[in-house]
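*Asks:* In the order they appear, the protein sequences are chains F and P. Residues 0 to 575 in numbering that gives the first Met the number 0 are what the first sequence spells out, letter by letter. Residues 0 to 575 in numbering that gives the first Met the number 0 are what the second sequence spells out, letter by letter.
One should not assume that every hint holds.
Which copy? The list can't say, so a pair holds if one copy fits it or any two copies do.
Unchecked claim - DSS-like, lysine-lysine: derived pairs with alpha carbons at most 30 Å apart:
1. LYS161 - LYS516
2. LYS323 - LYS349
3. LYS122 - LYS395
4. LYS566 - LYS395
5. LYS323 - LYS143
6. LYS349 - LYS184
7. LYS161 - LYS483
8. LYS122 - LYS461
9. LYS208 - LYS166
10. LYS143 - LYS163
11. LYS489 - LYS566
12. LYS551 - LYS259
13. LYS126 - LYS349
14. LYS395 - LYS302
15. LYS163 - LYS380
16. LYS316 - LYS261
Please keep in mind that the hints were generated in silico from the structure rather than gathered at the bench.
2 protein chains.
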Amino acid sequence: MTSTDADSSSMAALKLTDDQPKAEGAAPSTKPAKKAKEPKDQKAAAKSKADKPPQQAKKKMGEPELIGITVGKNEDLSEWYQQTILKGDLLEFTDVPGCYIYQPGSYRIWEFIQEFFNERIRKMGVKNCYFPLFISEANLQREKDHIEGFAAEVAWVTEGGKTKLEKRLAVRPTSETAMYGFYSKKIRSHRDLPLKLNQWNNVVRWEFKHPMPFIRSREFLWQEGHTAHMTEEEAGIEVRQILDHYASIYEDLLAVPVVKGKKTVNEQFPGAHYTTTVEGYIPAVGRGIQAATSHCLGQHFAKMFDIQVENPNQEVKEGEKREKLYVWQNSWGFTTRSIGIMILIHGDDKGLIIPPRVADIQVAIVPVGVNAKTTDADREKLYDDIKNIAATLEEKRVRVECDFREGYSPGYKFNDWEMKGVPLRIEFGPKDSAKSEITFSRRDQEGKGTMSLSDIGTGIPKLLETIQSDMFKKASDEYAEHRKQITEWKDFVPNLNQKNVVVVPHCATGECEDEIKKDSSGQVEGQEVDARAPSMGAKSLCIPDEQPGEIKEGTHCINPKCERGAKMWVMFGRSY
Amino acid sequence: MTSTDADSSSMAALKLTDDQPKAEGAAPSTKPAKKAKEPKDQKAAAKSKADKPPQQAKKKMGEPELIGITVGKNEDLSEWYQQTILKGDLLEFTDVPGCYIYQPGSYRIWEFIQEFFNERIRKMGVKNCYFPLFISEANLQREKDHIEGFAAEVAWVTEGGKTKLEKRLAVRPTSETAMYGFYSKKIRSHRDLPLKLNQWNNVVRWEFKHPMPFIRSREFLWQEGHTAHMTEEEAGIEVRQILDHYASIYEDLLAVPVVKGKKTVNEQFPGAHYTTTVEGYIPAVGRGIQAATSHCLGQHFAKMFDIQVENPNQEVKEGEKREKLYVWQNSWGFTTRSIGIMILIHGDDKGLIIPPRVADIQVAIVPVGVNAKTTDADREKLYDDIKNIAATLEEKRVRVECDFREGYSPGYKFNDWEMKGVPLRIEFGPKDSAKSEITFSRRDQEGKGTMSLSDIGTGIPKLLETIQSDMFKKASDEYAEHRKQITEWKDFVPNLNQKNVVVVPHCATGECEDEIKKDSSGQVEGQEVDARAPSMGAKSLCIPDEQPGEIKEGTHCINPKCERGAKMWVMFGRSY
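Produce the entire structure from the sequences given, and follow the hints as far as they go.
*Replies:* Right under this line is the structure:
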């Protein structure tokens, strides 16, 4: 078997879908689903497949074949997603299930996120550092709730070289327990507070749920911030500052709208005092998705790891000892899942659409109107003009690629850049040159426009910003339309089935959430259902910061079986 | 046992030395040496310890105690190194032997290296990406020489959650085998060449040699570049470009001199066609140290992973198939070892000296002349003046820290910043203010200087650059003095014992190198020996690019037992 064979067979074996709720409770297995291509609902798939023939580029003699995305986004999101990320050169599968290759196209987005976030946290006094990949079992188990939350998904190293290790080592699923022994040593006095560290690294969670590239993978990249403070109040302020930065990465960089809020106790981080979150929404399937979380850990870990200082504000007499105070800790993390959310929200039937601010290539310039009759001199002049256009834009810090590839038609190139999601394409040919203008095509809209050559230095950067804000507005409107405020249980499941998330009065207890999850799975008799909507039960996504109104005394919890009375508005939804 | 106890006991258990050649051949064990504090040569240590009392800061009433580095660098390098990195807040030990915490002080240096190198490789068309941490055993074993080189040091994951994995997974020791299946898939035609990818990640080599922070650790951070080219020539050009960048990181950023060259076959990378290297030198012990390597892998991996394209330059008749050409590949890596080399070279008895270009804090400003009689208004004015000085410098992109810590004497602060290696300290008090000047102290030199306040905007950045170049010059002169060109075997071991590396005529065969290694260990009878010089055998460090002269036909190899005749000048030394 050649290596190429091996790769393609492993590819087939790894073709996994994002949407297999029934498998979630299945017995653990390291074998991925062998074949999961069939859409969940054959009828719906057949219908929409008929709507839209596979896209093919117009082929130039002898040029390589470009096969576009062959399935509509609304037809089979899972298949669409897989084709989009593979053909868009963002990701590749490997022979280790749930572990993926981040190609330059996606890794660059991650670098933009790193730059953006680093700048903000440095201003907050956070310092970057690096803690080991391996955590001793003894250390990992020091916080009870925490280890219970992760025990099922820890990957263990048991052999080094040809030797069995005396004590197995955990591959970090997160670094609380790796870091806090150090905090205990480092923090000797209130003068050492606050201690604010962050690291960008890889973590492994050996989940046996079906993996989905970017969204749920066994290894992923993230940053994890860990801070220690004198008071709960100070810790709480930081939790919120970070949540604002997370929202800003999504909204300002990735053009993805999020809802800020707090997790219910049921859904918070193992070992946390409370968890705040930004929650996204995937319109194509009407599912919510946790986008990033910022936790106040309270004093749990401080007690387990003995991180304490003397109370500096206590008045003491000579010889008297000051009381010891445990520090207040936070941890907060933002992962490469964000890239998956961005893809799922913005992409269309042609493939990726990358928001300009995180696009490695913001503008692709394609020469047009060149044919067999074009003289070498004319072609050279055209290419020089294009290089000048690129230089003008690069001076304005626009990231440009001139597509001078030989042997490909402009049509092929257009489709190629569209599939890769480049936000703006410029076409330039002899006709444009004669009119001293460029023709452009926005990736987020149909149609073409023109711009005077003399305007591009200011016009193109402005246009890129317009694309960025239009992309955000479109996604934002869609989220708002599908976030329904309801108060009656009869509207609960029908709304989920209409691919909505719902904001409802709730008692905020875990038992009631579990009950709602159970009662909201499946369909409702008599209701016409969108087959693309998922059918698993809904869980609480967050308690939105922006409560849509007051909850009056005596308001019923949305769950008709619950008699506790509503305490707040809680957002529920089927989710990833 | 409290966590603090646990930490300090693990600290003691982990106290490892850098220099235990005798232990290299010992049976593998995951247990670190329990106690390795005793210097190798008691007499020498006793002598130099008497020369130099432990440094202590002058203590202010009630201020915390600062304990400086208590051993001279030339007295016991191993102990000095450990104290320097711990007290300088660069690194901390963990309860996993050979895995270390990179504190912000060292991680920031790594970030500067990343920025510097990213800028250069982007210009070469290299793109960053990320490949999985885990490599399947089948993949890892595909290149025979390669796996033989790494088999003894691979860490294996065998359990996920509570389940034993069907197939164990290697934690990457390097990513050739993780990446090249992808290359095979990605490279379909000569148009896909060159393919140039790089990743910044963590790798694990579960060595059973004694670990040494930064220098030899079981997990380390690095970048690994992997590229594929049409021709050997093109690959070769890149190998050298990268080597130049590596030399530039050392010389221009870290102020560390290196010798560029090629590895002998004996010392090249497992699976490489040839290996180029930059070699450093640690004056305190007279040992060479491999600083970074850039390999041409030739076509070995291309054959194993089936990475080939059709020959685009071949003239073919219709229906005839073009011949297949295997691509030429390179890989090149630069690691966090560089930080260790930098520390070992520049540090002095007071602790770290960080070159200005990679110092997170370039200038520490310490208020002086404030005492119990100082009025609040005067103190406030002084602090405002200092803030203005800082603002002036920050405008010039100087990284400044104002040390307004309460309860610490200026003496304590001076020692603290010195220990942390901040390259320039500014002192500012009422007397300086009256004279409109600042007092400064360069970390790399004794004594103090003054500068007019009106000059600091240009004077301080210039001074920092002077410090940078003086540090490089000092280290460079020292390396040059200790690189001895010799032609007679009788001078070989004595030179090693005088803490030199030697450049010698050599036959360039592996057997001869092995023989030299065996014959150059230990001491020479009758020679007065520097007890700090290591005593292990010398190995070939590199074939320097700058050959000190022609090797005439008939020149003898330095090894008197060798009859092959010398082919080139080779640099040998005892090394890390």
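*Asks:* Which numbered conditions among the earlier hints are violated in the structure presented, ordered from lowest to highest?
*Replies:* Hints 2, 4, 7, 14, 15 and 16 are the ones this structure does not satisfy, whereas the remaining hints hold.
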